[in-house]
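Spelled out, the chains give:
There are 2 protein chains.
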Amino acid sequence: MMNTPLLLRHLFEYAQTYYPKKHIISRTRDGLFRYTYAEFGDRTRRLSAALAQLGVQPGDKVGTFAWNDHRHLEAYFAIPCMGAVLHTINIRLAPDQIAYIVNHAEDKVLLVDAGLLPLLEPIRDQLSSVRAYVILEDTVDISASPLQPAYSYEALLADTNHDFVYPTDLDENAPMGMCYTSATTGNPKGVTYSHRGIYLHSMALGLANTAGLSENDTVLPIVPMFHANAWGLPFAAVWFGADIVLPGPAPTPAILLDLMTEEGVTFAAGVPTVWLGVLKELDAHPRKVPLRMALCGGSSAPPALIRAYEEQHGIPFVHAYGMTETSPLATFSRLKSYQQAQPEDERLAIRATQGLLVPGLEMRLHNGREDVPWDGQQMGELLLRGPWIADGYHNDERTKDTFVYGWLHTGDVATVDSEGFVRLVDRAKDLVKSGGEWISSVDLENALMAHPAVFEAAVVGVPHPKWDERPLAFVVLKEGQTVDKQDLLSFIAGKFAKWWLPDDVIFLQEIPKTSVGKFMKRSLREQYRDYLQVNP
Amino acid sequence: MMNTPLLLRHLFEYAQTYYPKKHIISRTRDGLFRYTYAEFGDRTRRLSAALAQLGVQPGDKVGTFAWNDHRHLEAYFAIPCMGAVLHTINIRLAPDQIAYIVNHAEDKVLLVDAGLLPLLEPIRDQLSSVRAYVILEDTVDISASPLQPAYSYEALLADTNHDFVYPTDLDENAPMGMCYTSATTGNPKGVTYSHRGIYLHSMALGLANTAGLSENDTVLPIVPMFHANAWGLPFAAVWFGADIVLPGPAPTPAILLDLMTEEGVTFAAGVPTVWLGVLKELDAHPRKVPLRMALCGGSSAPPALIRAYEEQHGIPFVHAYGMTETSPLATFSRLKSYQQAQPEDERLAIRATQGLLVPGLEMRLHNGREDVPWDGQQMGELLLRGPWIADGYHNDERTKDTFVYGWLHTGDVATVDSEGFVRLVDRAKDLVKSGGEWISSVDLENALMAHPAVFEAAVVGVPHPKWDERPLAFVVLKEGQTVDKQDLLSFIAGKFAKWWLPDDVIFLQEIPKTSVGKFMKRSLREQYRDYLQVNP
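Chains as they are written, first to last, in our numbering: chain A, 26 to 561; chain B, 26 to 561.
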């Protein structure tokens with residue numbers, strides 16, 4: 026067989042050749058913007074040409090700091106197709122973390138939404154590798170920005186032409202993208218994606234056994250494009266010729282539902298928090314939604330959510346699982362054909378699991394000593410292997426903790442039943458998952474314990490009706506010391522994104538501990554599991 | 026990303042792990058045999074163990090000479106998963122060709138259907154590389170066969186155990202299979218398939234944009250497993266957990282229809298001749314057939330066949346195109362979403378084309394001097410490139426004629442319309458090259474055969490002193506019919522440009538044919554090479 030490499034270029038050029046008439050609909054601050062794949066392709070090549078003029082070479086990192094819109098989609102292809110590396114930066118990180126990852130990735134150029142400039146401006150002096158800022162809007166006065174040198178995206182595109190030719194000789198194992206993921210302790214960790222990995226991951230999204238993305242679909246990636254490649258949907262949707270709807274800055278449930286109904290969206294993907302919000306809106310203002318699949322991932326969706334979508338609104342609701350390190354699609358929860366005959370409650374219980382491993386990957390369940398049987402009862406850490414699983418963190422010593430003997434240790438503890446369905450039961454570490462985002466409990470604890478009045482502090486995630494989980498802080502004060510909640514929260518506020526801050530601080534006489542002196546967080550979680558249900 | 030190789034082992038082990046309860050139904054000479062994937066997997070590993078005991082090493086060729094049944098399916102996985110090479114031998118070749126390809130491939134072991142032994146026995150002395158024959162039946166007296174040493178497949182499996190472990194360190198580019206394809210002149214040419222190529226080809230068959238094979242399907246490969254891997258269906262169907270129905274020796278249309286209805290077949294694939302036969306049977310004995318897709322390839326299906334299946338029997342009928350050198354899936358004819366709104370005749374005309382290139386491949390249309398525009402009119406030879414396209418013939422000097430500058434020259438001449446749909450026009454060698462322009466012999470033949478007095482017609486190009494080549498028509502009339510040349514030429518005149526019309530019509534008693542029933546145009550060209558030189 027020909028040893029032709031598996032490159033992002035192939036996805037892009039296939040879409041250009043076969044689907045020039047398909048549509049991309051992008052919500053911007055100026056309203057809905059619509060264009061065809063032909064125009065998208067033209068602008069994508071212009072962007073590559075413009076980046077090349079700014080000095081971007083194959084292998085260089087180009088960061089994006091943007092919502093889900095058409096310009097971000099252009100960057101998704103323009104950067105990797107020219108051989109550079111698409112580094113999507115999570116706009117919700119704390120300023121210090123953003124500075125860390127831009128420097129650590131060595132981003133040479135940053136593409137920034139005009140509306141997000143205020144987040145970068147305060148840290149501009151720290152961004153030592155950045156040679157140029159490209160502002161993703163045509164109406165903003167770029168000379169007014171303290172981020173310099175700054176260029177207007179639209180002006181750059183207008184100044185180049187669309188005949189930029191992509192290299193055909195890239196190595197399929199070369200990096201095409203990067204994304205940083207929060208760590209339990211310390212700085213975020215960078216995951217590097219290869220052309221080969223994303224190519225195969227895109228194919229997996231087109232399989233009838235999984236998402237079955239096709240030319241018949243209209244795809245709405247609600248999950249941000251700064252999160253694990255928006256689950257790879259932009260790559261697969263373009264390759265397979267779907268119409269694409271991009272929801273733009275800070276979409277509300279009402280905006281999302283309007284887009285779904287008005288644009289005929291057949292496939293949308295987001296975290297449980299988003300689907301909870303959409304459900305609430307849908308309950309309040311019922312309408313016919315054309316979705317053939319509502320895909321939910323990022324954290325576990327309660328069976329009640331699945332049931333509400335399917336029974337009350339006739340929308341098939343499907344669970345998937347993955348992480349930044351897995352590109353991210355790892356499991357996908359569809360019933361097997363012979364399970365369709367089971368009673369409804371059993372079917373729902375199966376579908377509320379994380380599902381079956383996606384074809385192309387390998388999985389083990391391991392308890393630290395040995396492989397655990399797949400009996401639906403015994404727990405183990407999920408280990409994953411395959412061509413779209415990361416093999417390490419970018420220039421990071423923590424690689425050795427997570428990538429062991431060729432397997433990714435996910436840090437997620439699960440059971441697997443005899444049919445192969447994965448059910449997550451706990452996190453090996455105690456990350457708090459808030460609205461699909463991870464919050465490091467240890468970082469918060471360390472910050473709290475830096476206060477002179479604090480003896481010790483533990484942070485755990487407890488259930489929250491809107492955000493899935495929110496952090497609660499438990500604090501023991503030093504003898505004779507006093508401090509109030511607000512002062513403590515103010516003390517740590519500058520160090521974290523606002524949404525990282527604990528919803529409440531509870532003062533205790535002591536924090537329960539295990540025999541080896543570790544915080545018994547499990548016990549705190551149990552005891553306070555209804556705390557934010559009653560005091561949201 | 027992890028650089029885990031793409032191996033057949035992954036398909037097999039995935040199916041074993043996730044689909045042990047799914048079914049394989051195999052028609053044998055003793056009736057229908059049914060078992061589960063779990064049993065299939067067990068026997069497949071036993072077969073690998075048995076072959077290893079017979080001395081088969083990674084890289085060795087193992088030939089199969091068999092119909093589509095469960096033992097052949099076991100061989101499809103047992104041989105490549107152990108690192109050996111599955112060489113499927115076309116049972117319909119002439120004895121000398123069979124001997125040639127067994128020797129040329131250097132098959133070490135042959136697996137032979139008991140019912141096909143009479144085809145091999147006469148050439149046994151020529152099969153110099155073969156060290157052992159394995160007879161695929163449990164009821165035959167193997168000691169009676171002149172093919173020696175002979176082993177009973179079932180006895181071998183009973184003597185081994187099912188814990189054979191497949192190597193994990195194979196190179197994904199290593200050969201996993203071979204198939205020989207007939208050549209215009211000389212011996213058949215061998216195509217070698219790699220693990221990587223078949224892995225990716227299998228993924229392509231699972232895409233919702235193409236066949237969308239999934240766990241919900243029951244797949245019936247009518248196309249023989251000795252023909253381009255039964256179009257790759259056995260690999261993809263097992264990977265994705267479909268139930269599989271194997272039609273066994275020489276199935277008739279009535280047998281195929283019984284299998285479809287009784288086993289709930291949702292997806293079946295075969296050549297037009299087979300589908301014509303099934304249609305005739307279905308017209309005579311109408312019944313409800315559960316097919317969601319009847320896939321047709323190998324040669325062009327007339328629009329009337331598509332229409333008959335869909336309108337009279339409610340069976341979606343889909344065209345695909347490929348060849349032994351392309352694994353074979355290269356194009357697949359499904360309408361784009363926005364074409365669904367076109368009038369029925371236009372939809373049918375699009376669907377009667379060979380369709381769109383499958384994601385993962387690249388295509389050009391080339392006239393020998395330059396790339397030809399995709400306007401639906403201008404003709405060119407189809408060139409293909411991609412990870413499941415062969416890069417040469419096994420130890421064969423003819424490689425250089427077909428594989429040029431990294432592209433497979435298919436020898437098929439086509440037009441491509443502005444939407445990218447490929448319509449085959451002719452074989453390159455059969456095109457008439459007149460004054461630098463191309464004339465399709467197939468189009469002229471179809472037009473002539475539409476005349477009520479014509480039984481069959483062949484058109485070939487013969488040398489011409491002024492125009493290089495001009496078309497000559499050879500016509501066989503139906504018994505008792507008469508028609509003169511001018512009437513025939515007038516009959517087709519309105520359908521073509523004037524310069525397309527044959528220079529002469531020659532009436533024959535019969536048109537010479539090859540062993541598989543195709544017109545032997547080469548012989549006509551030889552015989553009439555001076556016809557227009559002397560009678561210009």
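A few of these clues could be false.
Copies of one chain are not kept apart here, so a pair can be met inside one copy or by any two copies together.
[Said to hold, decoys possible] For lysine to any residue, the following SDA-like pairs were computed, each having C-alpha atoms within a straight-line distance of at most 20 Å:
{"#": "1", "residue 1": "Lys-46", "residue 2": "Gln-367"}
{"#": "2", "residue 1": "Lys-523", "residue 2": "Ala-175"}
{"#": "3", "residue 1": "Lys-546", "residue 2": "Gln-534"}
{"#": "4", "residue 1": "Lys-510", "residue 2": "Lys-520"}
{"#": "5", "residue 1": "Lys-425", "residue 2": "Asn-28"}
{"#": "6", "residue 1": "Lys-538", "residue 2": "Arg-156"}
{"#": "7", "residue 1": "Lys-538", "residue 2": "Thr-206"}
{"#": "8", "residue 1": "Lys-361", "residue 2": "Ala-63"}
Keep in mind that the hints were calculated from the coordinates and are not lab data. Computed from a prediction, not measured in an experiment: that's the story for all the values here.
Open item on the list: When Cα atoms must be at most 20 Å apart, do Lys-46 and Gln-367 count as within-copy, between-copy, both, or neither?
Closed with: between (43 Å within a copy, 15 Å between copies)
Within, between, both or neither: Lys-538, Thr-206 at alpha-carbon 20 Å = within (18 Å within a copy, 67 Å between copies)
Discussion item. At most 20 Å between alpha carbons: which applies to Lys-546 and Gln-534, within, between, both or neither?
Written reply: within (15 Å within a copy, 92 Å between copies)
Classify it for me, Lys-523 with Ala-175: is the Cα-Cα distance of at most 20 Å met within a copy, between copies, both or neither?
neither (28 Å within a copy, 64 Å between copies)
Q) Can you tell me if Lys-538 and Arg-156 fall within 20 Å by alpha carbon in one copy, between copies, both or neither? A) The answer is neither: 37 Å in one copy and 70 Å across copies each exceed 20 Å.
Report task. Evaluate Lys-361 and Ala-63 at a C-alpha cut-off of 20 Å and name the case that applies: within, between, both or neither. Result -> between (39 Å within a copy, 16 Å between copies)
* Classify it for me, Lys-425 with Asn-28: is the Cα-Cα distance of at most 20 Å met within a copy, between copies, both or neither? => between (32 Å within a copy, 17 Å between copies)
Classify it for me, Lys-510 with Lys-520: is the Cα-Cα distance of at most 20 Å met within a copy, between copies, both or neither?
Classified as within: same-chain Cα gap 17 Å, cross-chain 89 Å, threshold 20 Å.
This entry does not satisfy hints 2, 6, going by the numbered hints stated previously.
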